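Asker: Make the complex out of the two chains shown on their own, each in a separate frame, by following the hints.
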Amino acid sequence: MPRRVDRNACLSCGGCAGVCPSLAIRLEYGYRLVVDPERCTDCGLCTVFCPAGAIREA
Amino acid sequence: MQDRYDVVVVGAGPGGSSTARSAAEHGAEVLLLEKRSEIGAPKRCGEGLSVRALAELGIEAHPRWCVNEIWGARIVAPNGKSLEVRYPEQVGWVIERKMFDKHLAVMAARAGAEVRTRCEVVDVLRRDGWIRGVVVESGGERFEVEADVVVAADGVESKVARWAGINALHRLEDVDSAYQYEMVVELDNSDMLELYFGNSVAPRGYVWVFPKGRDVANVGIGIGGNVAKDTAKAYLDRWISSNPRYRRGSVVEVNAGAVPVGAPLERLVGNGIMLVGDAAHQVNAIHGGGVFEATFAGRIAGRVAAEAVERGDTSEAFLSRYAEEWRSLRGEALNRIYRLRRAIERLSDDDLNFLADVLEAEDVVAFANGERLGKLAKILMRKPHLIMAAKELM
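Chains as they are written, first to last, in our numbering: chain P, 1 to 58; chain C, 1001 to 1394.
Rather than coming from a laboratory, the hints here were simulated on the basis of the structure. Among the hints, a few may not be true.
[Unchecked claim] Output of the computed footprint for chain C on chain P, the stretches with three or more beta carbons under 8 angstroms from beta carbons of chain C:
hint : stretch
1    : 9 to 15
2    : 23 to 37
3    : 44 to 57
[To be verified] Take a look, some chain C residues computed to stay more than 12 angstroms from chain P by CB distance:
hint : residue
4    : Glu1060
5    : Ala1234
6    : Leu1236
7    : Ala1263
8    : Glu1266
9    : Asn1271
10   : Ile1286
11   : Lys1378
12   : Met1381
Since we're looking at a predicted model, the values are computed, not measured. Even glycine gets a Cβ: it sits at the ideal position worked out from N, Cα and C.
For reference, chain C alone in the conformation it holds in the complex (with noise of 0.2 angstroms):
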């Protein structure tokens, strides 16, 4: 390791590796640092990613971790009515993140990045009001590594971008708390996706099984944590011991997490630093979906973050580019989605079967990619109780 680099990206989830590989392709000297010894793993995340986001992302399917073909979904709601589509092709797969994650890590590393596990950022430099790279605990021992761009794609715990005096505090009315089993259970159709909603069994959630093969699947809830009467365990623990399919299942792995669902923040560079991925709060807030996001977004980051290195010109101003270019492409999406979400917290277990019975599977996947949200609040205003839920949507 160098005592200075172009870029430092903290983190090697698919953001910052995306960064990382971008910054390189377009001729920056980067570092990429995990702190965890082992790249994708826990991993936290229900591994569902559409063949359109991989497509948009130019990332070719491998075996390796496209690990099972799904080709529709079935909503239930809290009256047990269930809305299923089933598309003539396949629209999504459920992957393998740890071989995912690392996979974009090996990336980066062959388009000349270095990239570095178990080295842990504690602070960050600061000099004149600028971020001039980072301070990494690695075995023991404590270093400063200078950089003209740091990119803190650190995650939820997204903690260099608040020592860089950046207001990236994840709000707990904007943070879902995450549980899930990977288990091996009887599944009735293994190329589905499941989700089920309802205030008792997921409050502002929902629980989804989304298989990995034949008999696999991770069976996982998100909760609205500060919303909720008990924790994301206990409600996924009930959820599970309530179907006797799934109560006879074996557990191979267990996850926790934090899912933001907030708004995408508002600043997202300063002098000398960047912010992708959950750090970013870039996520779909209905669907919790960030490895889409922050890929997308690191792509940006990184030719942003070289061509800045090129000019010699790191302040907010010039890295600002890439938040202008982001925001254009996927802000405003973003953002029409989180306003969903304001929406669709407010409607109690009547209201949602009341959706479920108005409503085709086919609306309930577009609503959650930010589509036909028109026909939603149409539907919404039919309802005098629900049109404060409606406005949100306008």
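Pulled out of the complex, with its shape left as it was, chain P reads as follows (with noise of 0.2 angstroms):
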């Protein structure tokens, strides 16, 4: 299952997409983060990172 983003709390910083081993974030146009479902290995390190807590488990 590939992470779930909270929409509200994400502030699009892309630190997410910096620390992703499997280049399965996107953060669209620098605004809208996409997890690809197909890339993502529900590693968590993007849940670690966020600053924010917008990262989570699905």
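Answerer: Set out below in structure tokens:
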């Protein structure tokens, strides 16, 4: 299962994309965070990193 | 937009704009792409920049983005003891990144680069192991743009370099989580930066108050996400709620960010590709500042890219001239600062309080620039349990 993004908490900083080992996170046009379910391995690094607590387990 | 350029720069932050400007000034046909609709926004930055850095970059301070003068700093230890230094002259600015970044992009455009916003690069073009361009998405359309040199200046998200096969992943232990409010708040000194340290305040990092004016400040935090027990937001909210003055403040903007605090990447170039700024991990690992480093590196990268195009040789070997020149000018300093970060993160609150007793504020400012580290090592050696930390500095 890919990670779930709380869009109210996400501030589009993109750090999660930088720490994602599987290149599964895209910040569309710099604003909208999209997790690719095909690539996401559910490792959870994005959740540990997120300054806003916006990425959770699905 | 054409379907081919000499140089395509991905990302219009300070690193990308500086690269684009420099490449254009040296005769290259340049395209600078930014995925967001507005360059410089949302900011992911405390917005402090030293007078020395601006001078070194040859950028003239402009009142539109130089919004507040900084004359000194106050550093607060975990036990509340504060070290203060006020210099005889102005040492820094708090800038408005939205205006500053846009200014740098305008400078790139004036130098002849073509600048485009809301153009997201979603892949690179590869041919025989070389990077030959990028795939762009804009307005619902997807198209290819060929280039002799692609510059990955796509920040901490840095996917371009990784698509190109360069391991630019930010390891979790080498990236800080940051959160910040721009607040309207009563300030004692609007010309001093304030930094608050302590493992319960900000594990592996600090809380900063950077005044943008008489009663407006960036109040932010950076923490090691992997060593902290909670999110950066939670730590910052706790600090604010324990300070009545800030608790009463209004919030006019909220930002989050990732701050690379590792060592700069060993590999900064490949065949047809160069890395600049956060994407290359070119950041001061102690204070987390990257604007100067990215802009400085971009100037070199742009010149070398233009030379490579002119010579018809965009191989990794030729582009390495950028890596070598950058390393000789900044690489060593940034590696030294990275080792300091490794030493500091070993310190407990008691150790930090001890340092506050024996150090002057000027020392701390010097350390943050990678200077006087021998002095720090000697002080750490006085405590047997800090010898390992001291060794990081040698």
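Asker: Are the hints correct? Go through all of them and say.
Answerer: Status of the hints after comparison with the structure:
no., hint, verdict
1, 9 to 15, "holds (count 5)"
2, 23 to 37, "holds (count 7)"
3, 44 to 57, "holds (count 7)"
4, Glu1060, "holds, 29 angstroms"
5, Ala1234, "violated, 7 angstroms"
6, Leu1236, "violated, 9 angstroms"
7, Ala1263, "holds, 16 angstroms"
8, Glu1266, "holds, 18 angstroms"
9, Asn1271, "holds, 21 angstroms"
10, Ile1286, "holds, 19 angstroms"
11, Lys1378, "holds, 36 angstroms"
12, Met1381, "holds, 34 angstroms"
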